[in-house]
Amino acid sequence: MGEKIKIHCSHTELRDPTSLVEHPRNYNTHPAEQIRLLAKIIKHQGWRNPITVSKRSGFVVKGHGRLAAAMILKTEKVPVDLQDYKDEASEVADMIADNRIAELAEADQDELNKLLKDETFDGFDIELTGYGSDYFSDEKKEEESQVGEIEFSPEVDESHNYVVLYFKNDMDWLSAQSHFDLKSVYSTRANGKPWSKGIGRVLDGAEYLAKIT
Numbered sequence: 004m005g006e007k008i009k010i011h012c013s014h015t016e017l018r019d020p021t022s023l024v025e026h027p028r029n030y031n032t033h034p035a036e037q038i039r040l041l042a043k044i045i046k047h048q049g050w051r052n053p054i055t056v057s058k059r060s061g062f063v064v065k066g067h068g069r070l071a072a073a074m075i076l077k078t079e080k081v082p083v084d085l086q087d088y089k090d091e092a093s094e095v096a097d098m099i100a101d102n103r104i105a106e107l108a109e110a111d112q113d114e115l116n117k118l119l120k121d122e123t124f125d126g127f128d129i130e131l132t133g134y135g136s137d138y139f140s141d142e143k144k145e146e147e148s149q150v151g152e153i154e155f156s157p158e159v160d161e162s163h164n165y166v167v168l169y170f171k172n173d174m175d176w177l178s179a180q181s182h183f184d185l186k187s188v189y190s191t192r193a194n195g196k197p198w199s200k201g202i203g204r205v206l207d208g209a210e211y212l213a214k215i216t
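Residue numbers for the sequence shown follow the working numbering, so the first one is 4 and each next one is one higher.
In short, the hints are calculated from the structure, not lab data.
Some clues are possibly wrong.
Think about it this way: if two alpha-carbon atoms lie no more than 30 Å apart in a straight line, the pair counts; the simulated DSS-like pairs of lysine-lysine are [claimed, not checked]: (1) K80 to K58; (2) K58 to K9; (3) K171 to K46; (4) K89 to K46; (5) K77 to K46; (6) K77 to K171; (7) K77 to K117; (8) K7 to K77.
Note that this is a predicted model, so its numbers are computed, not measured.
Between the sequences and the hints, there should be enough to build the whole structure, so can you do that?
Structure (structure tokens):
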């Protein structure tokens, strides 16, 4: 059974995400990391924006990334806003404008840094803002000048039983990341050089079973 995601936004109807068709003329690509973050945000915040579908063509016009995130979360239904378009030019123009207008915004980096460091986010998962913990590159470099403790789960040795999962595509891997709530971790050597960086893949089986039973 898929994720039950709360819906906060206005919408025309609810649809099975697998029934939606991406616009064949959509030129925007969505990196795996972007979709992972978007899925995480939707899972926490619920649906704040619907997926826009053209009544004229039946194609998704806005929300291709949200659709990909829904696939990862395996949601049963997603909010869809059905809209009228006069012709193909109007439909494609709206799709392009949705991408382009966002690109034209300019962030005040000083204000953004202050906001992300604000006490509002004390104890809050900063990734839910769309920014990873490695956003503050200067601070991270300073941290890496000291010995960091390895954040991976304990190593697998002869005293542990374990299961190894492998994935043939990014979508399944991202789905597993969301399901198991895997986080990026890193540690450093004494000389300040990176020792390891990646996704913690070893889970405490007993702890996980306790959460789902």
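Outcome of the hint check:
| no. | hint | result |
| --- | --- | --- |
| 1 | K80 to K58 | holds, 19 Å |
| 2 | K58 to K9 | holds, 25 Å |
| 3 | K171 to K46 | holds, 24 Å |
| 4 | K89 to K46 | violated, 35 Å |
| 5 | K77 to K46 | holds, 11 Å |
| 6 | K77 to K171 | holds, 17 Å |
| 7 | K77 to K117 | violated, 36 Å |
| 8 | K7 to K77 | holds, 9 Å |
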